Amino acid sequence: MPSTTALSIVTPAETKYEGEADIVVAPGSAGDLAALVNHAPLLTTLRIGVLRATVRRVQSGEGKPAVSRISYAVNGGFMEVLARKVVVLTDVALSAGEVDVDQAAADLKRGEEALSQKRGQDDRAERDAVAWASARLEVAKERP
Amino acid sequence: MATLRQLRDRVKSLKNTQQITRAMKMVAGARIRRAELAMRAARPYSAAIGEMLREVSRGASSVDHPLLRDRPVTTPAVLLMTADKGLAGAFNANLARAAQNLADTSGARTVLYTVGTKGAVMLRRSRYRSAASWPLGAGPFVERAREISRRVSSDFLAGSIDAMTLVSSRFVSTIVQRPTTQRLLPVNGAAELASLDGTAPRSPFEFEPDARAVLASLLPKYLEFTIFAALLETQASEFAARLLAMSNATDNAGKLIDDLTLVMNKTRQAAITKEILEIVGGAEAQRT
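Protein chains in written order, with numbering that gives the first Met the number 0: chain A, 0 to 143; chain B, 0 to 287.
Hints are computed from structural coordinates only; laboratory data are not their basis.
Every value quoted in this text rests on a predicted model; they were computed, and no experiment measured them.
Careful, some of the hints might be misleading.
Stated by the list, open to error - Each computed DSBU-like pair below joins lysine-lysine, with the alpha-carbon atoms no more than 35 Å apart: (1) B:Lys24 - A:Lys15; (2) B:Lys84 - A:Lys15; (3) B:Lys273 - B:Lys84; (4) A:Lys84 - A:Lys140; (5) B:Lys84 - B:Lys24; (6) B:Lys273 - B:Lys24.
Unchecked claim - Chain B side only, calculated, beta carbon under 7 Å to chain A, not exhaustive: (7) Val141; (8) Pro203; (9) Phe227.
Note that CB positions come from ideal geometry on N, CA and C, so glycine has one too.
Let's have the full structure, built from the sequences with the hints guiding it.
So this is what it looks like as structure tokens:
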């Protein structure tokens with residue numbers, strides 16, 4: 000029986016990642032959740048946060064796949080989990096190398112200021128901006 | 000009869016024109032390839048969101064959402080997508096005409112939304128009210144699609160429009176692009192939602208937080224992606240139309256240059272012959 004599940008991270012502009020994963024940990028809207036192989040069918044919305052997975056990469060020339068960890072900052076979206084398949088659907092997914100750290104730090108600062116001024120009003124947009132900036136910074140920390 | 004100098008100037012100017020049309024043709028050719036790749040890259044997303052929508056509509060006991068609700072249409076709307084620039088044959092005109100015809104059949108209260116400068120300009124003098132217009136721009140279209148879909152869905156939810164039809168270009172091949180219409184709002188025209196009558200087997204999925212909530216966030220995304228895909232396809236069509244138009248223009252300029260060069264050579268030859276005749280005639284006259 001296979002011990003891995005096929006993970007794909009899909010955005011409108013491109014397929015960000017495709018490969019075999021041992022475990023996928025996603026920021027579900029009702030809390031973080033982990034998906035392993037043979038998970039029961041599940042469809043969930045995602046919050047803005049960091050998606051992590053342990054994946055098997057087959058190196059060219061060597062037969063044994065190497066285990067490595069990947070992480071992406073995801074800007075909300077959806078995740079569909081099936082027994083042998085995990086599909087993550089999101090607008091933007093950024094790996095550590097793709098994050099502009101200065102930009103994210105500036106966004107975080109600006110977002111927090113905007114949030115503090117919005118006391119009591121509808122601050123969903125500001126909250127999202129802050130969450131997205133922190134998610135990017137968190138992923139950037141894992142840069143090798 | 001034009002003088003030799005005039006002919007030479009015309010040929011020179013035609014050659015310049017031909018250089019420009021040839022350059023535009025090559026640019027369009029290169030961009031088509033990129034646009035086609037972008038269209039292909041969007042396919043997995045399209046498949047995935049379709050599948051999710053299907054599952055969630057099977058999973059929810061009753062599917063109901065403001066974006067799905069049909070109501071009597073007093074204010075129909077048309078969303079027209081064209082290019083920002085011309086020089087692409089009848090591309091923009093065909094799309095604008097399709098939108099115009101659609102508006103004519105749906106009533107005088109039709110409201111127009113346009114993407115692409117050309118469409119906005121072409122329909123400016125029509126009798127329909129224009130609610131919003133965006134430029135097509137050069138992409139990436141994710142942001143633009145979000146902007147458009149936010150605006151049209153909020154107008155729909157606020158009741159200022161009751162239904163919306165999209166007029167955009169379908170990229171059939173590099174040779175053929177066709178204006179197409181599809182219903183955007185209410186969303187229930189989507190094939191994925193066809194099995195909503197409750198006869199389909201219940202979905203095996205668990206939903207988090209619940210089917211209704213997933214549907215509520217899936218529907219705006221679906222609308223956004225439909226617009227995104229149409230933007231991509233319209234842009235690819237624009238490049239294809241421009242490639243063909245500029246290729247024709249280059250050929251036509253070439254033909255004109257050939258014709259004019261022939262006339263030019265004949266004129267030059269005629270002048271030379273005339274001179275020789277004059278010299279010979281003069282010499283003959285002196286001998287006798």
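Right, here's what the structure says about each hint:
1. A distance of roughly 32 Å separates the Cα atoms of B:Lys24 and A:Lys15; the hinted pair therefore holds under the 35 Å criterion.
2. A distance of roughly 32 Å separates the Cα atoms of B:Lys84 and A:Lys15; the hinted pair therefore holds under the 35 Å criterion.
3. Distance check on the hinted pair: B:Lys273 and B:Lys84 sit about 51 Å apart at the alpha-carbon level, beyond 35 Å; violated.
4. Straight-line distance between C-alpha atoms of A:Lys84 and A:Lys140 comes to about 28 Å, which keeps the hinted pair within the 35 Å bound.
5. A C-alpha spacing of about 14 Å is found between B:Lys84 and B:Lys24, which places the hinted pair at or below 35 Å, so the restraint holds.
6. Taken as a hint, the B:Lys273 and B:Lys24 pair is broken in the structure, with Cα atoms around 44 Å apart against an allowance of 35 Å.
7. Because the smallest distance between the Cβ of B:Val141 and any Cβ of chain A comes to about 6 Å, under 7 Å, the interface hint for this residue holds.
8. Evaluation of the B:Pro203 hint against chain A yields a held restraint, the C-beta minimum of about 5 Å falling below 7 Å.
9. Checking B:Phe227 against chain A by beta carbon gives a least distance of about 5 Å; that is within 7 Å, so the hint holds.
Taken one by one, the earlier hints fail for this structure at numbers 3, 6, listed in ascending order.
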